[in-house]
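Novice: Okay, here's what each chain looks like letter by letter:
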Amino acid sequence: MSSTTRPLIDARDVHGGYGGMNILNGVNMTLEADEVGVIVGPNGAGKSTMLKAVFGLLRVNQGEILLNGQPIQNLPPNQLVQRGMGFVPQEKNVFPSLSVQENLEMGAFLKPQNVKRMLAQVYEFFPPLYEKRRQPAGELSGGQRQMVAMGRALMAEPSLLLLDEPTAGLSPLYMNEIFDRVKQINAAGVGILMVEQNAKQALAIADKGFVLAAGQNRFNDTGAALLADPDVAKSFLGG
Amino acid sequence: MNELAFFINNVVIAGSVSGSIYAIGAIGVTLIFSIMRFAHFAHADMMTFGAFMVLLLTTLFPAAGASIGVPTAVLMLPLAMLLTAALAVGIDKTFYKPLRAHGVKPIVLVIGSLGVTLILQGLIRLFSGTGGQSLYVDDRKEIFRLALPFEGARAPIVITEPQIYLFVITLLAVVALHLFLNRSRLGKAMRAMSDNPELAQASGINTNTIVAVTWMIAGALAAIAGTLLSLDVTFKPDLSFFLLLPIFAAAIVGGVGHPYGAIAGGFVVGFAETLAVFNWNVLLRPFSDSLPAWLELPSNLAFVGTEYKIVVPFFILVAILVWRPTGLFKGKVI
Numbered sequence: 038m039s040s041t042t043r044p045l046i047d048a049r050d051v052h053g054g055y056g057g058m059n060i061l062n063g064v065n066m067t068l069e070a071d072e073v074g075v076i077v078g079p080n081g082a083g084k085s086t087m088l089k090a091v092f093g094l095l096r097v098n099q100g101e102i103l104l105n106g107q108p109i110q111n112l113p114p115n116q117l118v119q120r121g122m123g124f125v126p127q128e129k130n131v132f133p134s135l136s137v138q139e140n141l142e143m144g145a146f147l148k149p150q151n152v153k154r155m156l157a158q159v160y161e162f163f164p165p166l167y168e169k170r171r172q173p174a175g176e177l178s179g180g181q182r183q184m185v186a187m188g189r190a191l192m193a194e195p196s197l198l199l200l201d202e203p204t205a206g207l208s209p210l211y212m213n214e215i216f217d218r219v220k221q222i223n224a225a226g227v228g229i230l231m232v233e234q235n236a237k238q239a240l241a242i243a244d245k246g247f248v249l250a251a252g253q254n255r256f257n258d259t260g261a262a263l264l265a266d267p268d269v270a271k272s273f274l275g276g
Numbered sequence: 003m004n005e006l007a008f009f010i011n012n013v014v015i016a017g018s019v020s021g022s023i024y025a026i027g028a029i030g031v032t033l034i035f036s037i038m039r040f041a042h043f044a045h046a047d048m049m050t051f052g053a054f055m056v057l058l059l060t061t062l063f064p065a066a067g068a069s070i071g072v073p074t075a076v077l078m079l080p081l082a083m084l085l086t087a088a089l090a091v092g093i094d095k096t097f098y099k100p101l102r103a104h105g106v107k108p109i110v111l112v113i114g115s116l117g118v119t120l121i122l123q124g125l126i127r128l129f130s131g132t133g134g135q136s137l138y139v140d141d142r143k144e145i146f147r148l149a150l151p152f153e154g155a156r157a158p159i160v161i162t163e164p165q166i167y168l169f170v171i172t173l174l175a176v177v178a179l180h181l182f183l184n185r186s187r188l189g190k191a192m193r194a195m196s197d198n199p200e201l202a203q204a205s206g207i208n209t210n211t212i213v214a215v216t217w218m219i220a221g222a223l224a225a226i227a228g229t230l231l232s233l234d235v236t237f238k239p240d241l242s243f244f245l246l247l248p249i250f251a252a253a254i255v256g257g258v259g260h261p262y263g264a265i266a267g268g269f270v271v272g273f274a275e276t277l278a279v280f281n282w283n284v285l286l287r288p289f290s291d292s293l294p295a296w297l298e299l300p301s302n303l304a305f306v307g308t309e310y311k312i313v314v315p316f317f318i319l320v321a322i323l324v325w326r327p328t329g330l331f332k333g334k335v336i
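As they're listed, the protein sequences go chains A and B. The numbers in our numbering rise by one with no breaks, and the one at position 79 of the first sequence is 116. The numbers in our numbering rise by one with no breaks, and the one at position 85 of the second sequence is 87.
Isolated chain A, as found in the complex (with noise of 0.2 Å):
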């Protein structure tokens, strides 16, 4: 098997939890390098606890996790990260007291070479953070904060890139740039896979979508197929 055919990842049947309870039980999910994929469902469904297993913070006690092919369930993130992932979690997703470029540097803290290189790049897609590099990251607004987040797991030039809740909290107009610069990184050749409860915009831009509940799938399909279906829009977009 070539490894173009091999999904970018591809978890299987994966049970897991915290502390010997599984609240996940048995999801399955696949996605191509190019793809964006977006987990949606109710609270409680599992999905950052899914994304959180994808990313080796959580005990996947059954099935397997693939990355290109190889298994990486229960490998620690720092591994995760020299193997192309990338991870913002949901809250506390700055260093405070670093400044903007401190904690972009962070970001490429296996790769010390590339900081200039990334840098660059980061700061040209997100504008705003050239301005503040030097101010402590603890100081910005919330939508500015999710930017070097995202700039920090830009950093290490991840080929998959894992969002929790990019846009929680965060007022519309940056809810909109938010999505916008998924939608550009991912054009970039990163792949994406995020939790997302503004469920209808992140669907409209998903290529596919991944409808959990009580830890199991309960719909897979395109981010299109998803939005269209009525039982889906019925029980989990709130009509």
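Worth flagging that the hints you see were computed from the coordinates, not collected in a lab. The reader is advised that the hints may include incorrect statements.
Stated by the list, open to error - Okay, the calculated beta carbon distance ranges per label pair: (1) A:Thr67 x B:Val177: 47 to 57 Å; (2) A:Gly179 x B:Leu188: 23 to 33 Å; (3) A:Gln116 x B:Val112: 23 to 33 Å.
Even glycine gets a Cβ: it sits at the ideal position worked out from N, Cα and C.
Given the structure of chain A, go ahead and fit chain B onto it with the hints provided.
Specialist: Chain B alone, transformed into the frame defined by chain A:
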């Protein structure tokens, strides 16, 4: 003018001496707290260990320093720093790492560090004996007397050679630490881990490396503080242990987890101590003619007696915890 010299000797110099030692000790305590989130009570005995290593090396090669014109003990300091850094990493691997791996609460680590302090103190006592020993084995402690440039000034300012080394080395250590934390990749990663350990890990920072580097720095700084203290007075196995309270007071006054705060806190506590035990009668006596006749100056006009010096950092500690629990600089509330 003799009063001025007396003031400089007993407050400015003495305060700077204790301040520098508290500051270097407190930086170590605060760095360990910011990375591992526990109060490391064995820090003072790591200081003693560093000084003891210097004593051993100096006893082995007493004449080594004379050839380049520095006290042998100062020459041996870098080596002792390395040894103490190794000890700190070893202690972490043996005692604290297994506890962390079990995910224990910080208080368990604190109690563990009390155990380590007893072990270290006992071991050092076993080999060094309980008496005081000078770190000046083969060379002489220089004492400089600087006359004040005023007429009628007879009393000189007295400063000793180890005190000058203390000031210079403290300054070097602080500048080096500042550059490390703000310019180097590892130093920034250390600050990042102190800010947000989960995100540091998610950025690919190997947190085990950062923990080891923290112990190395804390150990090296402890060796500096212990050695310079023992140079100034004499080496005793329990000398540094009695500095534990002022050092923790300094770290908390400055804001726990804040290295610059620890420096400021060290000097605040050091000067508060010397100002509190200073006999103010000396400064007021020249003005006794202009004071009302009914006011007779007592011969000893200090806030507390020298033997109660230890209450000063304790008082500052309580005051800070009541009125400004995050410290002068904004640190983490314990």
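Novice: Now look at each hint and say whether the structure bears it out.
Specialist: Against the structure, the hints:
no.: 1; hint: A:Thr67 x B:Val177: 47 to 57 Å; verdict: holds (55 Å)
no.: 2; hint: A:Gly179 x B:Leu188: 23 to 33 Å; verdict: holds (30 Å)
no.: 3; hint: A:Gln116 x B:Val112: 23 to 33 Å; verdict: holds (32 Å)
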